[in-house]
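Oh and the sequence shown: position 268 is 268 in full-length UniProt numbering, straight run, nothing missing.
I should point out that these hints are in silico values taken from the structure, not numbers from a laboratory. It cannot be assumed that every hint is accurate.
[Said to hold, decoys possible] Once the Cα atoms are required to be at most 30 Å apart in a straight line, the calculated DSBU-like pairs of lysine-lysine come out as: (1) 69 x 158; (2) 321 x 340; (3) 44 x 320; (4) 321 x 44; (5) 321 x 51; (6) 69 x 51; (7) 243 x 69.
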Amino acid sequence: MNSTCIPLTTNQDITGIGIRVSIYIQTILIVIASPMVSDEANRKMALGMIKTLFVTAFGVVLAAIIQFKAANGLSLVDQFVVILLVLLMNLSGLYNLVFLISVGTQYKTALLMNSIYLVFFSTFGILVWSNRSNLLGNPGDCPAKFVLFGRNIAPSSKGMRVVALIISVGSLLGPISIVELAKVLNDGEPITTNTEESMLVSVRKTTFKDLIWGALAVTPGLGLWIYYTVTTEMILLRNGIDKQTQVWSFGQTVAIILLLPQFLEFFSMINNSWDWLRTRRSRNKNFIEPNGTVDVKASRTHDREIDGISEEVTALREDKKVLLTRLAELESELAHVSEKAAMFGEESRDQSKLCHCTNSTPSTSGQTGH
1 MNSTCIPLTT NQDITGIGIR VSIYIQTILI VIASPMVSDE ANRKMALGMI KTLFVTAFGV
61 VLAAIIQFKA ANGLSLVDQF VVILLVLLMN LSGLYNLVFL ISVGTQYKTA LLMNSIYLVF
121 FSTFGILVWS NRSNLLGNPG DCPAKFVLFG RNIAPSSKGM RVVALIISVG SLLGPISIVE
181 LAKVLNDGEP ITTNTEESML VSVRKTTFKD LIWGALAVTP GLGLWIYYTV TTEMILLRNG
241 IDKQTQVWSF GQTVAIILLL PQFLEFFSMI NNSWDWLRTR RSRNKNFIEP NGTVDVKASR
301 THDREIDGIS EEVTALREDK KVLLTRLAEL ESELAHVSEK AAMFGEESRD QSKLCHCTNS
361 TPSTSGQTGH
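Generate coordinates for the entire structure from the input sequences, incorporating the hints supplied.
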């Protein structure tokens with residue numbers, strides 16, 4: 001680094017150690033938990049984890065955009081770190097979305113959150129990479145380095161800017177591409193709600209194979225997570241500001257506190273999956289063949305029967321809710337009719353009294369004249 005240039009600085013509340021650690025941990029938990037969403041309870045917890053992550057994500061992106069437009073601006077290194085952290089959060093969000101879509105339920109909420117979030121990411125990416133003067137940094141500042149596959153890259157180079165802008169704009173197509181990918185993986189069929197037919201989340205339908213497939217499904221996400229995490233730290237290190245980011249602030253403390261519900265939901269998902277696995281092993285004992293292997297066909301037939309019964313129970317519960325709602329409506333209508341009947345009865349009695357008085361008046365007059 002040139003000793004005569006002005007050292008680069010960083011914003012602790014945007015790229016500080018607390019913010020980074022919080023994002024690193026949240027994203028890795030979501031990636032690991034993604035294959036566990038074939039269970040209804042786990043799907044709800046996975047959505048909860050995604051919502052908590054996006055609270056942090058929206059906060060980081062909005063703070064970065066506001067600071068970028070402020071008079072003091074946002075340092076170039078901070079811009080690079082924010083982009084990589086956002087890509088990391090985007091990775092875990094879309095990774096989780098893939099598995100939710102593959103089971104065909106509760107994915108619309110995740111799809112909406114990912115889509116909105118990617119709009120903000122795309123906006124920030126375009127702001128950063130479309131302005132070459134911004135990438136050159138302030139006059140007198142030490143030149144900022146961007147790291148790509150372990151190599152230092154000049155951020156103002158034309159090739160780097162073009163690729164970065166393509167990624168920023170193309171990220172808007174991410175959720176749509178995920179939906180179409182799920183359809184392709186399902187042989188062009190509509191996204192199914194039957195986890196038995198799901199090609200991505202066949203997890204938890206057998207025992208040992210589930211663990212193998214779950215590990216294989218997580219591997220690509222872990223690889224990308226490692227790349228983004230290492231690259232982020234390398235950018236800070238090679239620009240000589242890694243020690244600046246070690247200072248803690250209030251915003252970083254809040255980000256760390258937000259990890260608590262993530263850990264609770266993550267371990268609850270593991271516990272649910274482990275309970276199911278033990279139940280599955282117990283049921284498999286009923287399908288052991290003479291050679292000691294499990295009759296997978298009979299076991300899956302039994303699973304379908306159980307799933308069918310569960311669906312019937314769910315349908316009956318829904319019917320019960322509908323009937324109770326209808327009963328409440330009928331009771332309300334009955335009360336309304338009874339009220340009208342009471343009012344009509346009172347009006348009839350009043351009318352009868354009035355008629356009686358009218359009929360009795362001439363009779364009295366006639367008797368008086370006589």
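Hint by hint, here is what the structure shows:
1. 69 x 158: Roughly 23 Å between the alpha carbons, so the hint for residue 69 and residue 158 holds.
2. 321 x 340: holds, 29 Å
3. 44 x 320: holds, 23 Å
4. 321 x 44: holds, 21 Å
5. 321 x 51: holds, 29 Å
6. 69 x 51: Cα-Cα ~27 Å, so holds.
7. 243 x 69: Judged against 30 Å, a Cα distance of about 26 Å means the pair holds.
Comparing the model with each numbered hint stated earlier shows that all of them hold.
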